[in-house]
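Next come the chains, spelled out residue by residue.
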Amino acid sequence: MASLIRTSLRTGLRASSSSAAPLTFTRGKATLPDLAYDYGALEPAVSGKIMELHHKNHHQTYVNSYNTAIEQLQEAQASNNIAAQIALKPLINFHGGGHINHTLFWENLAPKNAGGGEPPSGALSKAINDSFGSLEKFQGQMNTALAGIQGSGWAWLVQDKQTGSIAIKTYANQDPVVGQFKPLLGIDAWEHAYYLQYQNRKAEYFKAIWEVINWKAVEKRFA
Amino acid sequence: MSTQKYTLPPLPYAYDALEPVISSQIMTLHHQKHHQTYITNLNAALEAQSTALSTQNISALISLQQKIKFNGGGHINHSLFWENLAPYNSPSTNIESSAPDLKRAIEAQFGSVEGFIKAFNATLLGIQGSGWGWLVKSNTPEGKLEIVTTKDQDPVSGLVPIFGVDMWEHAYYLQYLNNKAGYVEGIWRVVNWGVAEERFRNGIEGAVKL
Chain U
1 MASLIRTSLR
11 TGLRASSSSA
21 APLTFTRGKA
31 TLPDLAYDYG
41 ALEPAVSGKI
51 MELHHKNHHQ
61 TYVNSYNTAI
71 EQLQEAQASN
81 NIAAQIALKP
91 LINFHGGGHI
101 NHTLFWENLA
111 PKNAGGGEPP
121 SGALSKAIND
131 SFGSLEKFQG
141 QMNTALAGIQ
151 GSGWAWLVQD
161 KQTGSIAIKT
171 YANQDPVVGQ
181 FKPLLGIDAW
191 EHAYYLQYQN
201 RKAEYFKAIW
211 EVINWKAVEK
221 RFA
Chain S
1 MSTQKYTLPP
11 LPYAYDALEP
21 VISSQIMTLH
31 HQKHHQTYIT
41 NLNAALEAQS
51 TALSTQNISA
61 LISLQQKIKF
71 NGGGHINHSL
81 FWENLAPYNS
91 PSTNIESSAP
101 DLKRAIEAQF
111 GSVEGFIKAF
121 NATLLGIQGS
131 GWGWLVKSNT
141 PEGKLEIVTT
151 KDQDPVSGLV
161 PIFGVDMWEH
171 AYYLQYLNNK
181 AGYVEGIWRV
191 VNWGVAEERF
201 RNGIEGAVKL
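Sequences listed follow chains U and S, in order. In terms of our numbering, the first sequence opens at residue 1 and continues consecutively. In terms of our numbering, the second sequence opens at residue 1 and continues consecutively.
Watch out, some of these pointers could steer you wrong.
Okay, derived cross-link-like pairs now, EDC-like style, lysine to aspartate or glutamate, Cα gap no bigger than 20 Å in a straight line [said to hold, decoys possible]:
(1) K207/U - E107/U
(2) K220/U - E204/U
(3) K56/U - E136/U
(4) K180/S - E52/U
(5) K33/S - E204/U
(6) K112/U - E136/U
(7) K216/U - E107/U
(8) K151/S - D175/U
(9) K161/U - E204/U
Derived, one-sided and incomplete: chain U residues facing chain S with beta-carbon distance under 10 Å [to be verified]:
(10) H54
(11) N57
(12) Q174
Calculated from the structure, these hints are not laboratory results. Computed from a predicted model, the values in this text were never measured in an experiment. Glycine is no exception: its CB is placed at the ideal position from the N, C-alpha and C atoms.
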């Protein structure tokens, strides 16, 4: 019985993680996923240097810190230390969120020669037109949302799991899209995502990023 | 109705004066672009507030509050920050000679200056996202010292900010990239202990006027 539950739990976990974001795990540890393109492949929208630091250093740090927090959580669980488990929650949210967000982000970007920037089609295209009027209007609203973030954070196109409707939402710091909404398309508005190339001219980054959005990946997330 | 316009305060030193700890390029962008943008947006928000007030538009007034807090906080925080930094190797960066009273208070509360710096650095590195770390003094007669953080551009309120360290990525990224620990360690070589002592003794009015 116990092993049955454990097996079904594990299967459930695997299923949900693969549908939300194919995060990679080795022996229960989160690991840095490979990019599906070269660091320089998103130029000129995003420089190779930014991509390399962002992936190899920033994302890796979230992965490492998440693994550390989970180890501490397991220890706290083993010793029945409830206060310690609760105290770890912000770290798991931040670093686990950082891991999830960046993984989704890399996937919803693509070089121009691999479909980056090619507009969405089918049901997603229709949903965007119905909800925002047009793709251009959606992009304008998303850029306004991005520019309005006060501090570090992300803007997402999300889908309401109950109604199926889509909307733009911003999230602070590394807060992940969980719960009522499903993440479809995320854009990183942390300064480390653009500063080496755009400095304080973040509006230029928000404008350029659309040239390398992988709408095919977004369509797969949209159900 | 016209409102008071805030303007960018000049830096009390040259853009390259904090090198090698903070590069001239960072200081120039940080002051001329980032700080200026907070001031521009603060003035716009206050102007809109003035209009909303004269037309008794309460929902507009409420929706402007966060803009005023963010951009007003950005203006206050950066103004305090520039003042509590000093040129590399200048006499003000020496805590012994520049901040005898504050040093005694730090030692009394944190055991030693080194212990205090260690605690402050850990707090800075623990900030999740954009924000600031501050040494503050309570407004009570005992004037207790405390290390606090404020998120995004929230200003310190109800406490006297002795000095602040900007932990937004724009404050260090061009030079330190993801090595924020390097920035945090370096910043101590350009803390203006003279200004910190002045704020510790006399509160903020004596040191900074916006």
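**Message:** Checking one constraint from the list: CA of K151/S to CA of D175/U, max 20 Å. Satisfied?
**Reply:** holds, 15 Å
**Prompt:** Given Q174/U was flagged as interface, is its beta-carbon under 10 Å from a beta-carbon of chain S?
**Reply:** holds, 7 Å
**Asked** Between K216/U and E107/U, is the straight-line Cα distance small enough, at 20 Å or below?
**Response** holds, 10 Å
**Message:** For the restraint on H54/U, tell me whether the closest CB of chain S is nearer than 10 Å.
**Reply:** At about 9 Å, which falls below the 10 Å cut-off, the nearest Cβ of chain S leaves the hint on H54/U intact, so it holds.
**Distance restraint between K180/S and E52/U, which requires alpha-carbon spacing of 20 Å or less** = holds, 17 Å
**Given hint E107/U paired with K207/U - CA-CA distance at most 20 Å** = holds, 19 Å
**Message:** Check the hint pairing K33/S with E204/U against an upper bound of 20 Å on the C-alpha distance.
**Reply:** holds, 15 Å
**Asked** Is the hinted pair K112/U and E136/U satisfied, with a Cα-Cα distance of at most 20 Å?
**Response** holds, 18 Å
**Prompt:** Does K161/U pair with E204/U here, judged by a C-alpha cut-off of 20 Å?
**Reply:** violated, 32 Å
**Asked** For the hint on N57/U, does the least C-beta distance to chain S fall short of 10 Å?
**Response** holds, 4 Å
**Message:** Can you confirm whether the C-alpha distance between K220/U and E204/U stays at or below 20 Å?
**Reply:** violated, 28 Å
**Item:** Given pair status - E136/U, K56/U, alpha carbons within 20 Å
**Value:** Answer violated: K56/U to E136/U is near 33 Å, above 20 Å.
When held up to the earlier numbered hints, the structure conflicts with 2, 3, 9 and fits the remainder.
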